[in-house]
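Residue numbers (full-length UniProt numbering), protein chains in the order written: chain A, 1 to 278; chain B, 1 to 323.
Bear in mind the hints are in silico, worked out from the structure with no lab data behind them. You may find that some hints are simply not true.
[Said to hold, decoys possible] DEER-style ranges, computed between Cβ atoms:
#1 A:Asp53 <-> B:Asp173: 18 to 24 Å
#2 A:Gly3 <-> B:Leu91: 52 to 58 Å
#3 B:Ala294 <-> A:Gly42: 51 to 57 Å
Backbone N, C-alpha and C define an ideal beta-carbon position, used for all residues, glycine too.
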Amino acid sequence: MTGTAKRARARRLVLHLVCLAVGALIVVPVWFGVLGGFKDNGQLSTNPLGWPDPWVPGNYTGILTTGVFWRQLGNSVLIAVSGTLLMVGAAALAAFVFARFAFRGRETLFTLFAVGLMFPFAVAILPLFVLLRGMGLLDNPLGVILPQAAFGLPITIIILRQFFRTIPGEVEEAAILDGCTPFGFFWRVLLPMARPALATVSVLAIVTSWNNFMLPLVVFTDQSWWTLPVGVQAFQGQYADDTARVLAYVVLSMLPALGFYAIAERQLVGGLAGSVKG
Amino acid sequence: MTTLQTPTTPAAAGPATTGRRGRRPRPGRRGTLVAFLTPALALFLLLVIAPIVVASYASLYKWNGFGLPENFVGLDNYTRAFADPTFRGDLWRALVLIVLSLVIQLPAALGLAMLLNQPLRGRSVYRLVFFAPYVLSEVTTAVLFTLVFSPNRGLGGTISRWLGADAGAVFADPDTVLFAVFLVVSWKYFGLYMILFLAARQGIPKELSEAATTDGAGAWQTFRYVTLPLLGPTIRISVFLSVIGTIQLFDMVWVLTGGGPIHASETMAVTMYQYGFRRFEVGYASAISIVMFALSLVFALFYQRVVLRRDTEGALTSQGVQR
Numbered sequence: 001m002t003g004t005a006k007r008a009r010a011r012r013l014v015l016h017l018v019c020l021a022v023g024a025l026i027v028v029p030v031w032f033g034v035l036g037g038f039k040d041n042g043q044l045s046t047n048p049l050g051w052p053d054p055w056v057p058g059n060y061t062g063i064l065t066t067g068v069f070w071r072q073l074g075n076s077v078l079i080a081v082s083g084t085l086l087m088v089g090a091a092a093l094a095a096f097v098f099a100r101f102a103f104r105g106r107e108t109l110f111t112l113f114a115v116g117l118m119f120p121f122a123v124a125i126l127p128l129f130v131l132l133r134g135m136g137l138l139d140n141p142l143g144v145i146l147p148q149a150a151f152g153l154p155i156t157i158i159i160l161r162q163f164f165r166t167i168p169g170e171v172e173e174a175a176i177l178d179g180c181t182p183f184g185f186f187w188r189v190l191l192p193m194a195r196p197a198l199a200t201v202s203v204l205a206i207v208t209s210w211n212n213f214m215l216p217l218v219v220f221t222d223q224s225w226w227t228l229p230v231g232v233q234a235f236q237g238q239y240a241d242d243t244a245r246v247l248a249y250v251v252l253s254m255l256p257a258l259g260f261y262a263i264a265e266r267q268l269v270g271g272l273a274g275s276v277k278g
Numbered sequence: 001m002t003t004l005q006t007p008t009t010p011a012a013a014g015p016a017t018t019g020r021r022g023r024r025p026r027p028g029r030r031g032t033l034v035a036f037l038t039p040a041l042a043l044f045l046l047l048v049i050a051p052i053v054v055a056s057y058a059s060l061y062k063w064n065g066f067g068l069p070e071n072f073v074g075l076d077n078y079t080r081a082f083a084d085p086t087f088r089g090d091l092w093r094a095l096v097l098i099v100l101s102l103v104i105q106l107p108a109a110l111g112l113a114m115l116l117n118q119p120l121r122g123r124s125v126y127r128l129v130f131f132a133p134y135v136l137s138e139v140t141t142a143v144l145f146t147l148v149f150s151p152n153r154g155l156g157g158t159i160s161r162w163l164g165a166d167a168g169a170v171f172a173d174p175d176t177v178l179f180a181v182f183l184v185v186s187w188k189y190f191g192l193y194m195i196l197f198l199a200a201r202q203g204i205p206k207e208l209s210e211a212a213t214t215d216g217a218g219a220w221q222t223f224r225y226v227t228l229p230l231l232g233p234t235i236r237i238s239v240f241l242s243v244i245g246t247i248q249l250f251d252m253v254w255v256l257t258g259g260g261p262i263h264a265s266e267t268m269a270v271t272m273y274q275y276g277f278r279r280f281e282v283g284y285a286s287a288i289s290i291v292m293f294a295l296s297l298v299f300a301l302f303y304q305r306v307v308l309r310r311d312t313e314g315a316l317t318s319q320g321v322q323r
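Generate the whole structure from the sequences, applying the supplied hints.
In C-alpha cells form, the structure reads like this:
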C-alpha cells in the first residue's frame, strides 16, 4: 500500500471518529430518555445509562392509556394542520397577486410583509395576548391558529412569490384564452404546478407550529386545549419526583416530530436552504 | 420567525408582470386584487402589526393590562428598564450568548458541514442525525436535558465522574448556568446551520477548488481563499439568524432554569414574561418588548445596509428557528 493511500485512510478514520463523537452527543441524551422510560426510579439512580433490568413498560403504557397525552397530541395536530392550511391558502393568494399582477403600491405592500419577518414573535406576545383577550379568543384554538398563521405569512409569501414567478407567462395566457378566470388559473393551473413549493412551505409551517410553546402557554389556561410542548412542561412540573415517568412522556412527545422528520426531511432541508438563498 | 428581504431591488419588478397586464386593464381586476390580498393582509395587520402598535402605546403607561391604560407615564418605563440591573443583565447576557454562538456554534457547524462534504461512507446518516434535534421542540429538549443533568437519576453523576467535576450543578451555579444554557441551545440548533452551510458548499462548482489545487493551493488555502469567501452570503445570514434568535430566546431558558438562579440565565423575553404575565405590569413589560423589537430592527437594518448589501436580493429566514 502506498503512503498516500495509507494517509487517506487514516484521514477518513479521523473524520469518522469526529462524526461518531458528535453523533454520540446527539444520540446519547435521547437514548438515555428512551431507556430511562423503561426503568423505575431506583434503576435510574443506580444504572442511568445501561439496559433496564427488569424492563418496566408501565411508564409508557400508563401515559398511553390515559387520555391526556392523546388529547394533547390531537390538539397539536389540529392546530398545526388547520393553521398551516389557512396560512398557506392566504399566502398563496397574496403571493399570486405579488408575482403576477402589476399595480401601484405593490412593492410597498410587499415590503410591508417582508418587514414583518423582522418582528420576533416574543415581542408581540404580550400585546397579542391583550388583543386575543379582547376578541374572546383565549382558550380557543383560533387564538393560537390565527396568530401563528399571521406570523408565518411573510416567509411563505416570499418563497411562493419566487416560485410563482418562474412559471412562464405563456401558461397564464393560454389559460386565460381558454376562458380561465384569475381564480381558475390560480386554482387549477398555478397551485398544481407549485406543489413542491407548497410542500416545502407547509412542512416549515407544521414544524414551527408543532414546536410553538409561548403562544399556547399564554392562550390556553384550560388544560383540555394544551398542546404537547405545554403538556410536557406541565407534566414535568407535576411529576417532578418521578423522573422515569417524565422521561417516558418526553420520549413519546418526541416520536411524532421525529417520525415527521423521517418522512419530510427532504422538504424541510430544501425549504430551509432555499429560503435562505432566496 | 424572521426573514429579511432587501426592499425593492430592481429585479423585484417581475418580468412576468410588468407591462402586459398593466397596459390592458380588465374589468373586475381591482376586485380580484382586493379579494386575493384581503385574507393575508387582514391577518397580518391585525395580528402582527397591531400588536406592535399596541405595545408601543402601552409602554407609555403604567397599566395592569385590564381596562384601558389611563396612567400616562411618558418614557418612565424605558428609563426604569435601563436602570434595572436585571434588564441590563439581560442585555449583557444576550451579548455573551451572541458572542458564544459566533465563536463556537457557527464555526463548529461550518467545520461539520465541510466534513460532511467529504466523500465519507454513511455521511447521509450522519447528516440525518446531526440535523434531527432541530425538529424537536425547545421545550422537549429542555426537559430532556434537565433530566439528563439531574444529579441523582440522570447522567449527571456519570458525567461528573468523567469530568471530575460536579456536572449536576451546572444549572444551579450562577457562574456556569448561562454556558450550560448555551450548550443546550447549540445542541438543538447547530444542525440547522450545518445544513445551511452544507447546502451552500454543495452549490459551489467543483471546478473552482480543482483550479485552486492545480495552482498549487493546499487544502487549507483552498478553504480559506476559495470556499470561505463563496460561503460568505450563507455565513452572514447565519450570523443574522443567530443574533435575532438570541434576542428573543425564551422557551429553552424558561423550561431549563426559569431565568435563575438569581437571574443568572434570564433573557429579555423571560423578564418581559415575568412582568407581563406574572406581575401584571403590562406597561413595563411592553416597554421591554419594544426594546427587543427596536434592537432586532436596528440590527436588521444595520446588517442589511452594511453587511448584506452585496449579497443577493434573496430573503433570509429563521423560519422556525425560535419558538
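Structure-based check of all given hints:
1. A:Asp53 <-> B:Asp173: 18 to 24 Å: violated (34 Å)
2. A:Gly3 <-> B:Leu91: 52 to 58 Å: holds (55 Å)
3. B:Ala294 <-> A:Gly42: 51 to 57 Å: Cβ of B:Ala294 to Cβ of A:Gly42: about 53 Å, so the range 51 to 57 Å holds.
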